[in-house]
Amino acid sequence: MTSPKPPEESLIAHLLELRNRLLRAVLAVVVAFLAILPFSDRLYTLISEPLLRSLPKGGQLIAIEVTSTFFVPVKLAFFAALMVAMPVVLYQLWSFVAPGLYDKEKRLARPILVAATLLFYAGCAFTYFLLLPVMFAYLSSTAPVGVAMMTDISHYLDFVLVMFLAGGVSFEVPVAVVIAVILGWVTPKQLADWRGYVIVAIFIIAAIITPPDGLSQILLAVPMCLLYEAGLLMARIMRRRATEPGPVAP
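Under the working numbering, the sequence shown has 186 at position 203, and the numbering climbs by one with no breaks.
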């Protein structure tokens, strides 16, 4: 029978494992960044499409700082690399944490982790294809007569990245609902009873994030409400499965 490792050796082993996982995650981001960087100008053109389509004919973005034309595409390439490498980063995190979890916790964590990743991507796609075009169409229409809307490329990128983050996090509502129920913080019945308050809170959050045109607020709030209902349904199913008795041994 082998004797247990001393606490010092166990701690060192965990730290070495953490270092290796972090290095692999960083390497994935670096590889993705180097692969995306040559196409960063095209990527910025793609990102700027929602605004350019809303501007009058001849409208364009401008760079008010000398270094913007260099650093902005690099910044965008880094953000895109994080998005591309996210599954690898999360896998490394999961591989480090999983050995300390029970089998039941692993079975619950895997689908939640996958769902959270896919929902974040879905939120970013929703922001790009639906939310941003509506927002920019409204904002460009509010410009006073004689005022040309010429946005700085750095400020535009910062705004779009914040919107991507907001859209991605907003789509994590089902994951938050399921986790809250699994941890025992709330019950599905309580969440159903609080539905009215949650809907009001969602519309308030959407109003803070989006411009005051109403349509953008509705475009963001309605999917969040539907995702809340989806999370509530999944929480009920998972809770029911968790309370079902296991098979009786013969």
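For the record, the hints were derived by calculation from the structure and aren't laboratory data.
Mixed in with the good hints, there may be bad ones.
Claimed, not checked - Computed spacing ranges between beta-carbons, pair by pair:
1) G83 - A159: 19 to 25 Å
2) M66 - A159: 17 to 23 Å
3) G83 - A46: 33 to 39 Å
4) R25 - H(-3): 39 to 45 Å
Unchecked claim - Straight-line alpha carbon distances no greater than 25 Å define the calculated DMTMM-like cross-link-like pairs of lysine to aspartate or glutamate that follow:
5) K89 - E0
6) K87 - D141
7) K89 - E155
8) K172 - D196
9) K87 - D196
10) K58 - E48
11) K58 - E88
12) K58 - D135
13) K40 - D196
14) K58 - D141
15) K58 - D24
16) K40 - D135
17) K172 - E155
Don't be surprised by glycine CBs; every beta carbon is placed ideally from N, CA and C.
How the hints compare with the structure:
1. G83 - A159: 19 to 25 Å: Because 23 Å falls inside the window, the suggested range holds.
2. M66 - A159: 17 to 23 Å: 21 Å, holds
3. G83 - A46: 33 to 39 Å: 49 Å Cβ-Cβ, so the 33 to 39 Å window is violated.
4. R25 - H(-3): 39 to 45 Å: 43 Å, holds
5. K89 - E0: With Cα atoms ~19 Å apart, K89 and E0 stay inside 25 Å; holds.
6. K87 - D141: The hint is violated at about 41 Å.
7. K89 - E155: 20 Å, holds
8. K172 - D196: 34 Å, violated
9. K87 - D196: Measuring from Cα to Cα gives roughly 46 Å; hence the hint is violated.
10. K58 - E48: 15 Å, holds
11. K58 - E88: Status violated; Cα separation ~37 Å.
12. K58 - D135: Judged against 25 Å, a Cα distance of about 15 Å means the pair holds.
13. K40 - D196: 23 Å, holds
14. K58 - D141: 10 Å, holds
15. K58 - D24: 11 Å, holds
16. K40 - D135: Given that 25 Å is the threshold and the Cα spacing comes to 18 Å, the pair holds.
17. K172 - E155: Holds, at about 20 Å.
Violated hints, listed in ascending order, are 3, 6, 8, 9, 11; each of the other numbered hints is respected by the structure.
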